[in-house]
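Asks: Please put together the full structure from these sequences, using the hints given.
Chains A and B, in that order, are what the protein sequence lines are.
According to our numbering, the first sequence holds residues 1 to 93 in order.
According to our numbering, the second sequence holds residues 1 to 197 in order.
Don't read these hints as lab results, they were simulated from the structure.
Check before you lean on any hint, since a few could be wrong.
[As the list claims (entries may be wrong)] Quick list of the computed label-pair ranges, beta carbon to beta carbon:
1. A:N72 / B:A152: 23 to 29 Å
2. B:R40 / A:N2: 27 to 33 Å
3. B:V113 / A:N72: 33 to 39 Å
4. A:E10 / B:S18: 36 to 42 Å
5. A:P38 / B:Q180: 52 to 58 Å
6. A:E45 / B:D93: 29 to 35 Å
[Claimed, not checked] Now the stretches of chain B that chain A is said to cover, found in silico as 3 or more residues with beta-carbon under 8 Å:
7. 31 to 42
8. 50 to 58
9. 142 to 151
The beta carbon of each residue, even a glycine, is placed where N, CA and C say it ideally should be.
Given next are the chains, with one letter for each unit.
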Amino acid sequence: MNIELQKFGEFLTSRPAGREAFLILSENHLRNASVSEPIELDFKEVKVLAPSWADEVITPLAEKFSNVTLLNTENASVQATLKTLREYSGLKI
Amino acid sequence: MENLEEKARAWVVGDAKSALNLESEYYCQTRDVLQARTDRMTIMLLQNSRIDKNHAYVIGALISEIGNNSFDHNLGAWPDIPGAFFGYDITQDQKHIVLADRGQGMFATLKKVKPELQDDEEALKVAFTERISSRLPERRGNGLKYVRENIANLQLHLAFFSGNAMAELNEKMIVQKTDQNIRGCLAVLTFSDNVSK
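Replies: See the structure below:
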């Protein structure tokens, strides 16, 4: 399953917005997904990714599903936020 | 150029009655207003300066982290005036972005989950270096570490005041006592085209 994060906006910031995105993903996209379902989180067209938003979406998805991959992560704010999550939130992907 | 830092400082240290008179162009009563203005500032950085676009996006993210902290830690518990000050001057070579709130401040916020904290200086050190959340068991506490690392990576300068302490961040971080008590938080980000390109 490919999830285009840009559909939540080009500027992905704040915990409340991240929490809302996670609820929508859980309800609309992943409700019937198995733990091993391949999930691609696609950052294409995302301009700003802040750790608060990402920690409410990417961290729990990576904890819940065993086969999560990240696509189009070249943007510097995406790279910097993923580095922070790996260092401080235990993100393993 | 209007001195944004002085304006923000006057707002955070002044009495509540005078604080109510802050111009609407700087006052963000709710998170949504602050977020919309932060996004707009990021777009303006891209349009009006010679800064590398990837740097502009990271600056947008770290300003968002600092600003959202004001609401994350004070929502429902503002001592008097809710919301944040947000102002910026990004038209000159030397750019300034200023955020402030009249919240509880870093020491009071972090002491709830780390009672052994002694003072404002220690609270700032912990806030920028340790993963600590003032809203346990929620997952939180990585935003200011992100800020510190990217201030260093992009060669920016941040002065962050709370209580009687200031953290000065660039390639390293120095925390020291200050004479003036900042009741909440005051953050001044400074950078130039030269060091950001």
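Asks: A separate judgement is required for each hint: does it hold in the structure or not?
Replies: Evaluated hints:
Judged by the Cβ atoms, the range 23 to 29 Å given for A:N72 and B:A152 holds: they are separated by roughly 26 Å. For the pair B:R40 and A:N2, the beta carbons lie near 30 Å from each other, so the given range of 27 to 33 Å is met. For B:V113 paired with A:N72, a C-beta distance near 36 Å keeps the hint of 33 to 39 Å intact. The hint said 36 to 42 Å for the Cβ distance between A:E10 and B:S18, and at roughly 38 Å that hint holds.
Here the CB-CB span from A:P38 to B:Q180 is close to 55 Å, well matched to the stated 52 to 58 Å. Between A:E45 and B:D93 the beta carbon distance is about 31 Å. The supplied range of 29 to 35 Å therefore holds. With a threshold of 8 Å between beta carbons, the proposed coverage of the region 31 to 42 of chain B by chain A holds, since 5 of its residues qualify and at least three are required. Residue count for the region 50 to 58 of chain B with a Cβ under 8 Å from a Cβ of chain A: 4. That meets the three needed, and the coverage hint holds.
By the rule of at least three residues with a Cβ nearer than 8 Å to a Cβ of chain A, the coverage given for the region 142 to 151 of chain B holds, with 6 such residues.
Hint violations for this structure: none, all hints satisfied.
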